[in-house]
Amino acid sequence: MKMRNLCLVGVLTCFIVAGFAVDNSFARKNACGKEMTAQEIAERALDVAEIQNVMSYHALYGAPGGNHDTELELIWSHKRDDITFAGNGYIYKGPIDVHQNTYGYGTGKNKTENSQMMAQGAAGTTSFRTLTTPIIVVAGDGKTAKAFWYTIGWQAQIQNGEGSAIWSMEKYAIDFIREDDAWKIWHFHVYNDWDVPMTKDLAQYAIEKSKNTDQKAGGGGMQAKKGYEKYFTAKTFNEPYSVTRAANPLKPRPPVAYCTFSDTFSYADE
Amino acid sequence: MSARTRYLTIIISCLVIVFVFISFFMNSNQKAAERPKISDGEYAKAWVQCQNLMSSHNYYHGVNHNLEELAAIWVSEDGEFAKTATFSQPQGVMEGLQMIKVTYGNNKTKNPNQSLKEMIKNEPSEYPVGTWGIHMNTTPVIEVAGDGKTAKGIWFSPGIMMNYTGQKDKDGNDLAGGMVFFEKYAADFVKEKGVWKIWHIQMFYDYVPSIGDDWTKPNAKKQQAQAMPAGDKKEQKDQGAASPEQAQDNRKKNPIQYEQWSPTRVSSITPKIPEPYYTFSETFSY
Chain A
1 MKMRNLCLVG VLTCFIVAGF AVDNSFARKN ACGKEMTAQE IAERALDVAE IQNVMSYHAL
61 YGAPGGNHDT ELELIWSHKR DDITFAGNGY IYKGPIDVHQ NTYGYGTGKN KTENSQMMAQ
121 GAAGTTSFRT LTTPIIVVAG DGKTAKAFWY TIGWQAQIQN GEGSAIWSME KYAIDFIRED
181 DAWKIWHFHV YNDWDVPMTK DLAQYAIEKS KNTDQKAGGG GMQAKKGYEK YFTAKTFNEP
241 YSVTRAANPL KPRPPVAYCT FSDTFSYADE
Chain B
1 MSARTRYLTI IISCLVIVFV FISFFMNSNQ KAAERPKISD GEYAKAWVQC QNLMSSHNYY
61 HGVNHNLEEL AAIWVSEDGE FAKTATFSQP QGVMEGLQMI KVTYGNNKTK NPNQSLKEMI
121 KNEPSEYPVG TWGIHMNTTP VIEVAGDGKT AKGIWFSPGI MMNYTGQKDK DGNDLAGGMV
181 FFEKYAADFV KEKGVWKIWH IQMFYDYVPS IGDDWTKPNA KKQQAQAMPA GDKKEQKDQG
241 AASPEQAQDN RKKNPIQYEQ WSPTRVSSIT PKIPEPYYTF SETFSY
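As you go down the protein sequences, you meet chains A and B in turn.
Letter by letter, the first sequence follows residues 1 to 270 of my numbering.
Letter by letter, the second sequence follows residues 1 to 286 of my numbering.
Certain hints may be false.
[What the hints assert, rightly or not] Calculated lysine-lysine pairs in the DSSO-like style (CA-CA distance at most 30 Å, straight line): (1) A/Lys79 with B/Lys272; (2) B/Lys168 with B/Lys184; (3) B/Lys217 with A/Lys143; (4) A/Lys200 with A/Lys171; (5) A/Lys143 with B/Lys45; (6) A/Lys184 with B/Lys37; (7) A/Lys200 with B/Lys37; (8) A/Lys200 with B/Lys168; (9) B/Lys252 with B/Lys149; (10) A/Lys29 with B/Lys37; (11) B/Lys149 with B/Lys272; (12) A/Lys143 with A/Lys251; (13) B/Lys45 with A/Lys184; (14) A/Lys184 with A/Lys29; (15) B/Lys149 with A/Lys184; (16) A/Lys200 with B/Lys217; (17) B/Lys37 with A/Lys34; (18) A/Lys29 with B/Lys252; (19) B/Lys108 with B/Lys149; (20) A/Lys184 with B/Lys184; (21) B/Lys170 with B/Lys108; (22) B/Lys272 with A/Lys111; (23) B/Lys168 with B/Lys149.
The hints are simulated quantities; they were obtained by calculation from the structure and are not laboratory data.
Generate coordinates for the entire structure from the input sequences, incorporating the hints supplied.
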């Protein structure tokens with residue numbers, strides 16, 4: 001009887017220990033250190049899919065044939081007053097209205113008359129930015145997310161019977177924010193790696209450019225749209241490929257796991 | 001007293017009418033809300049699986065294992081979706097898995113009545129030496145139906161296909177030819193017996209110049225660009241198989257005549273971007 005009790009206690013102890021072990025092996029903690037439920041893990045996976053869709057919407061609506069106004073309406077934040085749009089050498093920072101009048105076709109009396117034509121692009125225009133190599137990190141609190149893509153792009157246009165076409169290699173680094181139960185673009189930053197005419201050798205082209213002292217690197221020389229100067233800052237965020245640039249700088253930084261946005265860096269500042 | 005009763009009757013009648021209206025509209029809204037939707041986890045898993053299916057298509061097709069692709073990731077040839085499966089290109093629509101099997105799968109088959117399994121065993125896929133192809137999947141937009149039975153996706157796909165021309169230069173070096181592809185893929189997926197499968201695929205060629213072409217003169221190559229990839233064309237002619245033209249005879253005309261890029265083309269959003277939907281009958285088909 002004593003032996004039987006001993007065995008029973010042993011078996012129960014094994015079950016309890018095994019229970020802890022199984023529980024621990026299954027547990028996933030978020031970046032806030034909180035153990036996630038199965039539902040929360042599913043939501044994070046869904047967030048990643050939704051963020052990829054949002055960015056692909058940008059690629060489609062941002063290209064000729066799409067519509068920047070539709071893009072701003074559908075997938076950009078409308079509640080923040082610190083929404084940013086930045087390139088190699090500049091940044092616009094302000095509420096959505098600023099971007100509707102700089103990236104978009106204008107609002108109210110500033111509405112561009114030929115916005116439909118601007119959206120379609122002139123005949124013979126083609127341009128696209130593919131999205132590859134995604135890294136998408138959702139905050140532990142689920143309120144923001146950071147993501148990175150490498151984009152292989154191209155564009156061609158024809159004006160007055162003359163054509164020009166380029167390859168365009170860029171990185172996108174974006175902060176997203178959860179607004180009205182959907183993911184929205186908050187900080188948009190594009191880092192141009194290099195543009196080269198389709199008929200040119202990249203290295204030879206860089207050598208040619210290095211001899212031209214008038215060439216300004218990295219979008220330098222970009223100026224604010226009239227009336228939007230106070231939202232604009234000229235700043236060199238990134239230097240494109242050149243004869244002097246270091247090999248493949250890891251810039252911008254790829255996203256890393258974080259709990260809440262104040263714990264990480266902002267792509268508005270990178 | 002009689003007047004009081006009358007007023008009371010009117011008020012009660014009004015209340016009944018209001019109650020009936022409210023009940024009716026509440027029921028409609030409740031019914032809409034009650035349509036069972038898949039969970040967040042199921043949605044995310046379906047999204048990833050559809051992305052994997054599309055990438056699998058390009059891995060199989062990149063080495064010309066089209067029959068293996070059909071057997072592995074397309075709707076079953078004897079299943080409920082076999083007859084409505086489609087593979088669409090600008091040059092025509094292959095409708096039904098049987099036609100896809102003998103046109104995209106193996107248009108040189110000696111026996112079109114073989115099952116996919118038999119075709120793979122009896123007439124194994126191979127690419128001529130010196131052929132290489134890749135179609136990338138980038139920029140995905142994937143929407144899974146609320147009922148979890150279907151999904152839709154689009155991708156932008158830059159790609160390249162090289163082949164050996166059979167010719168040599170004056171120094172005796174083998175010469176290669178090839179094509180560059182800029183195209184969009186649009187696909188419908190369906191869950192068949194619990195597994196996600198490709199149901200409809202459509203290709204929208206944006207620009208398909210041959211290697212070495214002057215890209216600023218696309219019209220000079222327009223006809224060639226719309227035909228089968230160079231590697232496929234050559235192989236069919238070499239082996240006396242059905243020509244692409246013969247294969248095309250079996251296809252339906254594609255109602256979507258997507259115009260390739262040219263100096264006069266105006267850009268458009270084609271194909272349509274998938275939008276959230278509940279069930280397939282409430283959205284468009286690719």
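Each hint, compared with the structure:
1. Distance hint between A/Lys79 and B/Lys272 is fulfilled; the C-alpha atoms sit about 29 Å from each other, no more than 30 Å.
2. Distance check on the hinted pair: B/Lys168 and B/Lys184 sit about 34 Å apart at the alpha-carbon level, beyond 30 Å; violated.
3. Proximity of B/Lys217 to A/Lys143 is assessed by CA-CA distance (about 50 Å); at most 30 Å being required, the pair is judged violated.
4. Proximity of A/Lys200 to A/Lys171 is assessed by CA-CA distance (about 22 Å); at most 30 Å being required, the pair is judged to hold.
5. Restraint check for A/Lys143 and B/Lys45: satisfied, since their Cα atoms lie roughly 22 Å apart, inside the 30 Å limit.
6. Taking the CA atoms of A/Lys184 and B/Lys37, the gap is about 23 Å. The hint holds against a cut of 30 Å.
7. A C-alpha spacing of about 53 Å is found between A/Lys200 and B/Lys37, which places the hinted pair above 30 Å, so the restraint is violated.
8. Distance check on the hinted pair: A/Lys200 and B/Lys168 sit about 27 Å apart at the alpha-carbon level, within 30 Å; holds.
9. Straight-line distance between C-alpha atoms of B/Lys252 and B/Lys149 comes to about 27 Å, which keeps the hinted pair within the 30 Å bound.
10. Between A/Lys29 and B/Lys37, the direct Cα distance comes to roughly 27 Å. Compliance with the 30 Å bound is thereby established for this hinted pair.
11. Between B/Lys149 and B/Lys272 the CA atoms are separated by roughly 20 Å; this keeps the pair inside 30 Å, and the hint holds.
12. With a C-alpha separation of about 25 Å, the suggested pairing of A/Lys143 with A/Lys251 holds against the 30 Å cut-off.
13. A hinted pair counts as satisfied when its Cα atoms are at most 30 Å apart, and B/Lys45 with A/Lys184 qualifies at roughly 22 Å.
14. Between A/Lys184 and A/Lys29 the CA atoms are separated by roughly 25 Å; this keeps the pair inside 30 Å, and the hint holds.
15. In summary, the hint linking B/Lys149 to A/Lys184 is supported, as the alpha carbons are separated by about 27 Å, within the 30 Å threshold.
16. Simply put, A/Lys200 and B/Lys217 have alpha-carbon atoms about 17 Å apart, close enough for the 30 Å limit, and the pair holds.
17. For the given pair, B/Lys37 sits about 28 Å from A/Lys34 by alpha-carbon distance, which is consistent with the 30 Å threshold.
18. Between A/Lys29 and B/Lys252 the alpha-carbon distance is near 54 Å, which puts this suggested pair outside the 30 Å criterion.
19. At most 30 Å may separate the alpha-carbon atoms for a hinted pair to count; B/Lys108 and B/Lys149 exceed this at roughly 35 Å.
20. Only pairs whose Cα atoms come within 30 Å are accepted, and A/Lys184 paired with B/Lys184 is accepted, the gap being roughly 25 Å.
21. As the CA atoms of B/Lys170 and B/Lys108 are separated by approximately 34 Å, the hinted pair breaks the 30 Å bound.
22. The straight-line distance between the Cα atoms of B/Lys272 and A/Lys111 is roughly 26 Å, inside the 30 Å bound, and the hint therefore holds.
23. For the proposed pair B/Lys168 and B/Lys149, the alpha carbon gap of about 53 Å is over 30 Å, so the pair is violated.
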